[in-house]
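Asker: With the hints as your guide, set chain B onto chain A.
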Amino acid sequence: MALLNEQLQGQLKEVFGSMKNEITLAVFTKEGDCYSCEETISFMKEIEALSDKISLETYDLEKDSERAGDYNVVMAPSIVILDSDKKYRGVKFNGIPAGHEINSFIPGILEVSGVGEALPEELLAQINALSKPVNIKVFVTLSCPHCAGAVQKAHKLALESDLIDAEMVEAQTFDELSNKFNVSSVPKIVINDQYEFVGNQPLEVFLEEIAKTQ
Amino acid sequence: MDFNLNMNLNEQYGKNKKAAFDKEALYDMLIIGLGPAGLSAALYAKRKGLMVGVVSNKVGGQVVDTTSVENYLGIDFATGEGLVEKFMHHVQTLDVPMLKDADVKSFEKTESGFEVTLGRGEVIKSKTLIIATGSKPRRLGVKGEEAFMGRGVAYCAICDGPLFEGRDVVVAGGGNSAVEAAIDLSKIANSVTLVHRSEFRADQIIIDHLNRQSNVIIHLQTEIQEVFGDGLVSGIKVLDKATGEVRELKVEGLFVEIGYLPNNQLVIDKLDLNNRGEIIVNALNETSMKGVFAAGDVTDTPYKQIIVAASEGAKAALTANDYINRG
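Sequences listed follow chains A and B, in order.
Residue numbers are given in the working numbering: position 76 of the first sequence equals residue 76, and the series is strictly consecutive.
Residue numbers are given in the working numbering: position 75 of the second sequence equals residue 1075, and the series is strictly consecutive.
So that you can see chain B by itself, here it is in the shape it has in the complex:
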């Protein structure tokens, strides 16, 4: 029996309890997002001596939903959650005030900087902003997906996998997340069919691992066309692109792991975005609005990797620091 105790409980309840977030203060830097980009920015900003605060509705961002991380330099293996705990612990040793479980509704430019309005109507003032809102799972966009969401269509394999014990499931996607989900599910489900519309994008090392599972079937160059069922998912329709044949796969679960969409709701009418909806940033993480910087998965920086997001967060904080010092 495992117990995945969150090491930061002491910082939440105990003797190491951290300073409360001051909603009346004028911040030098307000970071929106508590994933690797936001946390790394917080670390760098605090070390520069800035008055910095973080607002977020999801500690750790997408990393939390990752089973294992094996490509972060210096850490040969960590669970996604374990890595987030290390990040959080590191930042909290510097006593950075954080407002968790808070939605940011909007922000406005003012003479002294920015006013950020939270979901409950409170307004936080800051000289600069770092947008590190990350991304969310991309949907397939096929018939039935929406209707069966939470009824067999799932986006978090580690969360929902146990509910499909002994059943037949499909994983959609061909990147690292999809292959890892298929490996995890193969330990629980009766069979796992991986369906991907083109060739694998995943690292060879984990494809080899997938190929060693005896209950995994792989269909590349295959497109999912429809999810069907009666109340709950009972199957999907797929198109074999090589033969043009449409087939039905009888499955009870469909795990969608086909990449991510930027969480750009906050900036959609305010900052320049690319055609994928990602915030356009330059090498200094500046956006199209002065005083607003962005980092991590929400930006057009290529390769959505934890280490990339962390390094971008550091850059954004350093650029913002220069901006503040220049006055």
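Here chain A stands alone, though its shape is the one from the complex:
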């Protein structure tokens, strides 16, 4: 049975109609104990079928460890969105982006395909001034209405800089990692595993915390 009902498929087809360039969904799963790996693959197959501009590649976290290393993938399931040159742009989802996270996943596809508004110039200047790598983890739950907004912002920043790697982390799927960072309110944003804040804050707050890593 399809995960996406007909109505949702229709809506997504329409949204994907505004994609500019092609994108690739690179999905990493692993054998054995893997919560939601199967559903994630099914979900991605259904998404692929909704647009000619979307193609799907599936990998195994262990067997394709080199590929996983290219995109800093260390968890499964994990979805990486690659641009039309199959380049990793720092847009990653750990755990199935269902529930409210479909509202960060679909914009993620659109943004990597080249649509979306540019960031204000003052923010771009700050991003261009970065010199060291930045990792942004956004911990979410699938029932959190404003978490997707925080994930979108992190991804938007990643798209503007090769130094920024931004990943959604579904807190229930990856409870060990969530416990490690004491996640008990979402969205919780952790930068370079060191600096953190809670809430869908303005981009300026993301950049303030990022500045601390430089």
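Derived by calculation from the structure, the hints in this document are not laboratory data.
Take the hints with a grain of salt, since some may be wrong.
Unchecked claim - BS3-like mimics (lysine-lysine), calculated; alpha carbons at most 27 Å apart, straight line:
#1 B:Lys1100 / A:Lys20
#2 B:Lys1315 / B:Lys1086
#3 A:Lys212 / B:Lys1105
#4 A:Lys180 / B:Lys1143
#5 A:Lys13 / B:Lys1100
#6 B:Lys1187 / A:Lys180
#7 B:Lys1304 / B:Lys1086
Answerer: Below, chain B without anything else, positioned relative to chain A:
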């Protein structure tokens, strides 16, 4: 598996993409806030033919964090987010320019109206302002609350509930929000203890619903005195007001649902406020400053309800329209 797709994605990215917000224009009306009050004001103002724009840092306001809405006339059931999508869609069919994710820092009165300064320093000009900045969750103000915020103390049950799967949690409060949070959490948590310092204020229909949950314990006339733990919350201290006894409840989560405080930072030194910090408005939604109108949870209008905020927003827009027409 559920997918809560935002129906307005097409308006953000797609063919129905809306006109960009013109930061250079002189607006007839600038609305600050995108909750029910602000959106309703935008609808009414646009239909009057006004040049109207909306600035906000949170689409939908508090409604988004509400699980279900069952008391908005004509809509027997909607999720908070679903209702906001309907509101947004309705307003966007009229192509009202919106500046989302923008903080308003301050505003000044000028000869032609107002200059509003945004967080990034941009200045927007408008003849009138509607303040519809809403409210934020009220805090308990007890020892440990601040220190354990995001470490077991939470203010959004639908967001953070899943992180407390199989654990014991407390909900503080006795209004509709608290009772609804307790019902939601009872489906996820091992046990839910509802603690409230007086009697229930919630609607009887949802109290009955709460009473049907087998893993819910209710302590009325009980006051929370302290939150404690080691890095993360491990319990709270409560005072039973009837017996005077102080007890400890071993819980890992405390969800605070004790009402709201007005988001009044923008107007605190500019407009007359009541002792709760709410903007004082008259029946026409006029504030103490000419040309500035206010609506919704940020005002002293009683009953913080979605339908009340929407109706106040409509009134504020109509009054502002009259003000503009009078010149």
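Asker: Work down the list of hints and note, for each, if the structure agrees.
Answerer: Results for each hint:
At roughly 24 Å between alpha-carbon atoms, lysine 1100 of chain B and lysine 20 of chain A fall within 27 Å of each other, so this suggested pair holds. For the proposed pair lysine 1315 of chain B and lysine 1086 of chain B, the alpha carbon gap of about 20 Å is at most 27 Å, so the pair holds. Proposed proximity of lysine 212 of chain A and lysine 1105 of chain B is supported: the alpha carbons are some 24 Å apart, at most 27 Å. For the hint linking lysine 180 of chain A to lysine 1143 of chain B, the alpha-carbon distance of about 25 Å falls within 27 Å, and the restraint holds.
Pair hint lysine 13 of chain A plus lysine 1100 of chain B holds up; C-alpha atoms about 25 Å apart against a cutoff of 27 Å. With a C-alpha separation of about 25 Å, the suggested pairing of lysine 1187 of chain B with lysine 180 of chain A holds against the 27 Å cut-off. At most 27 Å may separate the alpha-carbon atoms for a hinted pair to count; lysine 1304 of chain B and lysine 1086 of chain B meet this at roughly 20 Å.
When held up to the earlier numbered hints, the structure conflicts with none and fits them all.
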